[in-house]
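A.B. asks: Each chain, written out:
Number of protein chains: 6
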Amino acid sequence: MAVVPILSDEEAGAEALAIFDDIRARRQTDYVNHFWRALAADPALLKATWERLQQVMAPGALDPLVKEMIYIAVSVTNGCSYCIHSHTAAAQAKGMTPAQHGELMAVIAMASQTNALATALQVPVDERFLAEEGAG
Amino acid sequence: MAVVPILSDEEAGAEALAIFDDIRARRQTDYVNHFWRALAADPALLKATWERLQQVMAPGALDPLVKEMIYIAVSVTNGCSYCIHSHTAAAQAKGMTPAQHGELMAVIAMASQTNALATALQVPVDERFLAEEGAG
Amino acid sequence: MAVVPILSDEEAGAEALAIFDDIRARRQTDYVNHFWRALAADPALLKATWERLQQVMAPGALDPLVKEMIYIAVSVTNGCSYCIHSHTAAAQAKGMTPAQHGELMAVIAMASQTNALATALQVPVDERFLAEEGAG
Amino acid sequence: MAVVPILSDEEAGAEALAIFDDIRARRQTDYVNHFWRALAADPALLKATWERLQQVMAPGALDPLVKEMIYIAVSVTNGCSYCIHSHTAAAQAKGMTPAQHGELMAVIAMASQTNALATALQVPVDERFLAEEGAG
Amino acid sequence: MAVVPILSDEEAGAEALAIFDDIRARRQTDYVNHFWRALAADPALLKATWERLQQVMAPGALDPLVKEMIYIAVSVTNGCSYCIHSHTAAAQAKGMTPAQHGELMAVIAMASQTNALATALQVPVDERFLAEEGAG
Amino acid sequence: MAVVPILSDEEAGAEALAIFDDIRARRQTDYVNHFWRALAADPALLKATWERLQQVMAPGALDPLVKEMIYIAVSVTNGCSYCIHSHTAAAQAKGMTPAQHGELMAVIAMASQTNALATALQVPVDERFLAEEGAG
Chain G
218 MAVVPILSDE
228 EAGAEALAIF
238 DDIRARRQTD
248 YVNHFWRALA
258 ADPALLKATW
268 ERLQQVMAPG
278 ALDPLVKEMI
288 YIAVSVTNGC
298 SYCIHSHTAA
308 AQAKGMTPAQ
318 HGELMAVIAM
328 ASQTNALATA
338 LQVPVDERFL
348 AEEGAG
Chain B
218 MAVVPILSDE
228 EAGAEALAIF
238 DDIRARRQTD
248 YVNHFWRALA
258 ADPALLKATW
268 ERLQQVMAPG
278 ALDPLVKEMI
288 YIAVSVTNGC
298 SYCIHSHTAA
308 AQAKGMTPAQ
318 HGELMAVIAM
328 ASQTNALATA
338 LQVPVDERFL
348 AEEGAG
Chain R
218 MAVVPILSDE
228 EAGAEALAIF
238 DDIRARRQTD
248 YVNHFWRALA
258 ADPALLKATW
268 ERLQQVMAPG
278 ALDPLVKEMI
288 YIAVSVTNGC
298 SYCIHSHTAA
308 AQAKGMTPAQ
318 HGELMAVIAM
328 ASQTNALATA
338 LQVPVDERFL
348 AEEGAG
Chain A
218 MAVVPILSDE
228 EAGAEALAIF
238 DDIRARRQTD
248 YVNHFWRALA
258 ADPALLKATW
268 ERLQQVMAPG
278 ALDPLVKEMI
288 YIAVSVTNGC
298 SYCIHSHTAA
308 AQAKGMTPAQ
318 HGELMAVIAM
328 ASQTNALATA
338 LQVPVDERFL
348 AEEGAG
Chain F
218 MAVVPILSDE
228 EAGAEALAIF
238 DDIRARRQTD
248 YVNHFWRALA
258 ADPALLKATW
268 ERLQQVMAPG
278 ALDPLVKEMI
288 YIAVSVTNGC
298 SYCIHSHTAA
308 AQAKGMTPAQ
318 HGELMAVIAM
328 ASQTNALATA
338 LQVPVDERFL
348 AEEGAG
Chain S
218 MAVVPILSDE
228 EAGAEALAIF
238 DDIRARRQTD
248 YVNHFWRALA
258 ADPALLKATW
268 ERLQQVMAPG
278 ALDPLVKEMI
288 YIAVSVTNGC
298 SYCIHSHTAA
308 AQAKGMTPAQ
318 HGELMAVIAM
328 ASQTNALATA
338 LQVPVDERFL
348 AEEGAG
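Protein chains in written order, with our numbering: chain G, 218 to 353; chain B, 218 to 353; chain R, 218 to 353; chain A, 218 to 353; chain F, 218 to 353; chain S, 218 to 353.
Hint data in this document are derived by calculation from the structure and do not stem from the laboratory. Please read these numbers as outputs of a predicted model, since none were measured by experiment. One should not assume that every hint holds.
[Unchecked claim] If you anchor each label on the Cβ, the simulated ranges turn out as follows:
1) Lys264(S) - Ala316(R): 43 to 49 angstroms
2) Ala316(A) - Asp280(B): 35 to 41 angstroms
3) Ala261(A) - Gln245(F): 22 to 28 angstroms
4) Ala316(R) - Pro276(B): 49 to 55 angstroms
5) Thr246(S) - Pro276(F): 33 to 39 angstroms
6) Thr314(A) - Glu228(B): 17 to 23 angstroms
7) Gly312(F) - Glu232(S): 41 to 47 angstroms
Just so it is clear, CB atoms sit at the ideal spot from N, CA and C, and this is done for glycine as well.
Only chain G is shown next, with the shape it has when bound in the complex:
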């Protein structure tokens, strides 16, 4: 179905394999999912994407599960089927309960609806929502 081959370990080059090893080590699983195997034909893109993902999704001011739910919200709005599947699975692995999933769905649906209304009516932004401008 892909427009590029999903490379097996045997088909991947040395640079890509090194990233696969890092994925396996950090995720403590032998399984490397299709997304990374699809990127493996371009090891520089694979490396840049994987490394940035590690930085961004690491625990910080936001909880890792919250980050996964934000990721799902973006993926749903973009209509990225692969991303919805993989990040819903990741959120579940990080403890998302069915009740949390249900509320996530409801917020995404609500936001999609009011986004459409605000855009359809071209509602002008209230002054109180604007930041103080600096150098702008």
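Since chain G is already given, all that's left is putting chains B, R, A, F and S on it; use the hints.
C.D. replies: Quick look at chains B, R, A, F and S alone, frame taken from chain G:
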């Protein structure tokens, strides 16, 4: 700028004013923002939207601030300028710190990027990400 | 393929089953389609979505078939495969002819094209297209 | 605000002026809106876009007002501010009542919401919604 | 999977067959792909789309391969699976190398990411990026 | 208009200023545009975004002007007003002629149109467009 008038209290009908009163009471402010005033020409739509929003954004399995950040993620991906402004303000009012805002931005940017890659390469979904099917 | 189970009648809870019964009664068919079965794990979301849909799609100032065609236009633009299939089927059930479908396609294609051009050129809105502002 | 000049009659070339004349004649107004003036720097694109628009929006199996509402639905979903303004004005000029506008808003909001849910849950298409396949 | 039949040569009408013949002649292949067969039920739409495509994709100020890569970028951002597949194949047929494909992916991913950030932060446009306004 | 301050040099911290200096050096201009000043409140995000942009947009298998046009195509489809303005200006600075801009517009408009049609009709992908699958 809007394609409909942003109704003042004097211009709004009785049904819309009743919703404005509810907005004021629940939000403990005298200010009714443009979105609701733009909907006021259609009181049934105003009422349905406001009431559903109250249900969806109420505390539940997810924290209200988390819900606001999910709302922002959807609004950014949809490119809804009004919604980004109003829900960023709402998240800040609920305590979102600059560090949390920064991480929210980073997750949204990361997801937008990997969404594009997964879509561009048409990566097939890994079987392990699929739910067990029931009646399907 | 779904990220949640598509619940059969046996798997659905009592609250969800009551909605399934309402769907069957109003649509005069025994068939309950996947969308509702996917929502059934969260009966509150199922109920709110179904009830609002009934209100919105009821005959009113717009013809029900016109409403279905508007629904298709939104679904195409959002790239929602499920929704395109189900609402095209619904429009056909409400009498959409091949000629009407063809014109619907042509309008959607035309709008997609001029939307892209207006956005690409960042054309400023003509003053005569703006509503008189009220409280704004 | 545009990334290209909005050409006045004096600035436009002969080919573009001929299209402006056709716009004036068919629309029975002296006013040529910004969209066409923004395209005027590329007369071939201006001509192809204007001529195709005339064909597509002409009365046919669908009513011209219905076509405008479908155009609005696409424009809202694409977030094209210019297009929302110009086609809402066009629909009003063709007789769209406030009640029809309100229902149009409600259908667009409803579709946006269920699109998000069907996509978020990755609901598989029901077999009965699929067309009989021919040469496929 | 389609919502309309994918017409074989036997099922297509005379007007559609004439377009199929033109596709075969210009592309120097006997194969007519599904997109055109799906449009064949509406010969006027088929004809208008095919003829405009020929004009737009012809060699001009931009190289045909560059045009295909721009087409891919739009299709990825719109999430059009069919279009991503067909135009990636077309770009490869026109000589796109794996290295060029990799860089195309990287630019699309980068743009998706900074688009999200600029939108999320609602960054105001710098004055120096605006065109001189003419008649606007 | 932004939801965050657009930081002046005086308001930016030392880490952000170091990136501003790098922007000035590489672009050989004293001007730092709003996008970077909006990111400056989060120096880690500013740094990661700027550095990755340099890598991605550097000359390689694709010409820098081609990369800018691909960037514009993504930005138009995402409706990112800021990005359309800044990358159109960048493309013009790299030598994009009005004729090239016109063809870019025409390709984006054409792709938007056929994307909508392929999605609306849910055209199934032709087998010949699929890559050979490897480990998938």
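A.B. asks: Range first: 41 to 47 angstroms. Now tell me if the beta carbons of Gly312(F) and Glu232(S) are that far apart.
C.D. replies: The hinted range 41 to 47 angstroms holds for Gly312(F) and Glu232(S), with Cβ atoms some 44 angstroms apart.
A.B. asks: Does the hinted range 43 to 49 angstroms hold for Lys264(S) and Ala316(R) at CB?
C.D. replies: 57 angstroms Cβ-Cβ, so the 43 to 49 angstroms window is violated.
A.B. asks: I want to verify a distance hint. Is the separation of the beta carbons of Ala261(A) and Gln245(F) within 22 to 28 angstroms?
C.D. replies: 26 angstroms, holds
A.B. asks: Taking 17 to 23 angstroms as the hint, is the beta-carbon distance of Thr314(A) and Glu228(B) inside that range?
C.D. replies: 18 angstroms, holds
A.B. asks: With respect to the beta-carbon atoms only, verify the hint that Ala316(A) and Asp280(B) lie 35 to 41 angstroms apart.
C.D. replies: The hint (35 to 41 angstroms, Cβ to Cβ) holds, given that Ala316(A) and Asp280(B) are roughly 40 angstroms apart.
A.B. asks: Do Thr246(S) and Pro276(F) keep their Cβ atoms within the hinted range of 33 to 39 angstroms?
C.D. replies: 35 angstroms, holds
A.B. asks: May I ask you to test the hint 49 to 55 angstroms on the CB atoms belonging to Ala316(R) and Pro276(B)?
C.D. replies: Hint holds: Cβ distance 52 angstroms, inside 49 to 55 angstroms.
Consistency note: the structure conflicts with earlier hint 1 alone.
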